[in-house]
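Work out the full structure: start from the sequences and follow the hints.
Sequence order for the protein chains is A and B.
The working numbering puts the first residue of the first sequence at 1, with every later residue one more than the last.
The working numbering puts the first residue of the second sequence at 1, with every later residue one more than the last.
Treat the hints loosely; a few may be bogus.
Stated by the list, open to error - Here are the simulated lysine to aspartate or glutamate pairs, EDC-like style, with alpha carbons at most 16 Å apart:
#	chain 1	residue 1	chain 2	residue 2
1	B	K81	B	D140
2	A	K15	B	D279
3	B	K77	B	E43
4	A	K15	B	E43
5	B	K432	B	D334
6	B	K77	B	E29
7	B	K432	B	D387
8	B	K320	B	D140
9	B	K389	B	D355
10	A	K15	B	D140
11	B	K197	B	E168
12	B	K320	B	D447
13	B	K367	B	D401
14	B	K332	A	D80
15	B	K311	B	D201
16	B	K367	A	D80
17	B	K400	A	D49
The set of hints was computed from the structure by calculation and includes no laboratory data.
Since the model is a prediction, treat every value here as computed from it, not as a measurement.
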Amino acid sequence: MIRLGDIAHGRSGDKGNHANIGLIAFTAAGRDFLEREVTAERVKTYFRDLGPDRVERFALPRLYAFNFMLWNALGGGASDSLRTDTQGKALATALLEMELPEPENLAAMLPAGAGR
Amino acid sequence: MSGTPDGIRIGNGAGFWGDNLDAPIRLAEKGGLDFLTLEYLAELTLSILAHQRRLDPEAGYVGDFPATVARLIPILKTQPKLRIVTNAGGLNPAGCARETARLLAAAGMGDEKVAWVGGDDLMPRLADLRAAGERFRHFDTGADLPDFGSAGGLVSANAYLGAAPICEALDRGARIVITGRVADASLTVGPAMHAFKWGWDDWDKLAAASVAGHLIECGAQVTGGLLSRWQTVPDYAHIGYPIAILSPRGDCHITKPEGTGGVVNRETVTEQLLYEIGDPARYHTPDVTLDFTGTDVEEAGPDLVRVSGAKGVRPPATLKVSCAYANGFSAKGDLVVSGRDAARKARAAGEMILDRVRQAGAPLSRKYLEVLGAGATLPGVETGQGDLKEVVLRISVWDKDKKAVERFCREIAPVITSGPPGISGYAGSRPKPRPVLSYWPSLVDRDHVRPIVYVRGAGELAA
Chain A
1 MIRLGDIAHG RSGDKGNHAN IGLIAFTAAG RDFLEREVTA ERVKTYFRDL
51 GPDRVERFAL PRLYAFNFML WNALGGGASD SLRTDTQGKA LATALLEMEL
101 PEPENLAAML PAGAGR
Chain B
1 MSGTPDGIRI GNGAGFWGDN LDAPIRLAEK GGLDFLTLEY LAELTLSILA
51 HQRRLDPEAG YVGDFPATVA RLIPILKTQP KLRIVTNAGG LNPAGCARET
101 ARLLAAAGMG DEKVAWVGGD DLMPRLADLR AAGERFRHFD TGADLPDFGS
151 AGGLVSANAY LGAAPICEAL DRGARIVITG RVADASLTVG PAMHAFKWGW
201 DDWDKLAAAS VAGHLIECGA QVTGGLLSRW QTVPDYAHIG YPIAILSPRG
251 DCHITKPEGT GGVVNRETVT EQLLYEIGDP ARYHTPDVTL DFTGTDVEEA
301 GPDLVRVSGA KGVRPPATLK VSCAYANGFS AKGDLVVSGR DAARKARAAG
351 EMILDRVRQA GAPLSRKYLE VLGAGATLPG VETGQGDLKE VVLRISVWDK
401 DKKAVERFCR EIAPVITSGP PGISGYAGSR PKPRPVLSYW PSLVDRDHVR
451 PIVYVRGAGE LAA
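Right, dumping it as structure tokens:
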């Protein structure tokens, strides 16, 4: 198994009661792998504790990136939420912990100069 | 500097109210800037300013800004081209401009022009706008904005203005432009439109400037802040704040002052490009609707990244409106729980506190129990909490009734002597109920919002 964070980086934040996570593969090979493995459905299941209504995935292929929208995932949003992470700032770091099957061409997905 | 792209240089020295106070000074000193922008207003900042204005009619703007101007005056004198654009005006841009003008006048800069931009504050016009058919339907629920009556439930209602009034203020010679609520990216688009006189329907140029604004609006978030591979970021303590370089052709580069910490590379820029966006093919601003899907991000040199390929189309006929309304009370209490079974003890202590509040006849409408250290902020992540020997219990509650929340606040301390062992970290100060201001995002017809641009010499404005 690999960690999603081995082959991608990301950032998350809020819009009202919704969260978004930008997920970016380090390489084109990584993008193709994410496209197959990190589906909207998979991300929705991963974040079931947040109870999003739905998760949408948008592609930005030239950037090797996907944007995930987690609708109604923040327990009310910035002022209403009782959670510590009211604004979903930690969600990208949580997503990067996702475990994935190790791809055969893993070396082609790692950032330049990075070991594991 | 050889290798530096041509164009105007717009630096952003504040990404929110509370950002580093020295950043604008360092950026202005070293950035070789044409424009310094300072962005202070998050979604709910205006409601905080509304509260301050209730206590003092002269307040209602970001006081950090005049304090920053006082420090920037020597730089404004040695860099006569440098101009400042900020949304520090909050709910009282005229008051902020007056205070700023006083500082300039006192420093012998009374001839410099100061502008304020208003018209975003819809509170005084709410009845008229409703009569004209505006319902302020909630973005998500579709519900009409309730009539809060005279009880003062509605605290603030502000439309997001675009770049046009900022551009007008600069065209009329303002050295410092102070707005209320404008779209964050418009703080950058305004100077670009002033400098290049692009058409207001030149959508791809507006898109390029808006992308630049979006990238720098959160300050150091594009120069290494928040980067996933944070270990690759040099010298966080001296992190440089960002500069967008825009050319008349609409080329955009992101950089930072030489000799500062942090980094600008493909990773920092791409992460920030995706920050707080929704559908990347339809990112709305008051100036243009952006399509990021064809965007390219390329490293053009050390700490220099070229961003290209954003497309724009005409924005909707509506503007976003942020409202805030008073909505009950919340409180939160923390306790440190140590020793064997720490996470389980924390949960037991939390349940006990909530049970006792219930027994006291103060049912709380909402409550939330977190065990920090056991993955409370990491949904989906298996953190092996069975082995933890030290955690923080955090209990947060909300209710319409302040008394119920007060009762909760009193029930935290007793658990130290009547609950599981190993509980500490209660410093003796009881948490207090905090009034909650809830957020109500909606839309208003663009034609119903009339921006105001007021430009005067600092000496005259200060008088």
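For each hint, the structure was consulted:
{"no.": "1", "hint": "B:K81 to B:D140", "in the structure": "45 Å, violated"}
{"no.": "2", "hint": "A:K15 to B:D279", "in the structure": "12 Å, holds"}
{"no.": "3", "hint": "B:K77 to B:E43", "in the structure": "34 Å, violated"}
{"no.": "4", "hint": "A:K15 to B:E43", "in the structure": "9 Å, holds"}
{"no.": "5", "hint": "B:K432 to B:D334", "in the structure": "12 Å, holds"}
{"no.": "6", "hint": "B:K77 to B:E29", "in the structure": "12 Å, holds"}
{"no.": "7", "hint": "B:K432 to B:D387", "in the structure": "33 Å, violated"}
{"no.": "8", "hint": "B:K320 to B:D140", "in the structure": "13 Å, holds"}
{"no.": "9", "hint": "B:K389 to B:D355", "in the structure": "25 Å, violated"}
{"no.": "10", "hint": "A:K15 to B:D140", "in the structure": "11 Å, holds"}
{"no.": "11", "hint": "B:K197 to B:E168", "in the structure": "11 Å, holds"}
{"no.": "12", "hint": "B:K320 to B:D447", "in the structure": "13 Å, holds"}
{"no.": "13", "hint": "B:K367 to B:D401", "in the structure": "14 Å, holds"}
{"no.": "14", "hint": "B:K332 to A:D80", "in the structure": "13 Å, holds"}
{"no.": "15", "hint": "B:K311 to B:D201", "in the structure": "12 Å, holds"}
{"no.": "16", "hint": "B:K367 to A:D80", "in the structure": "11 Å, holds"}
{"no.": "17", "hint": "B:K400 to A:D49", "in the structure": "26 Å, violated"}
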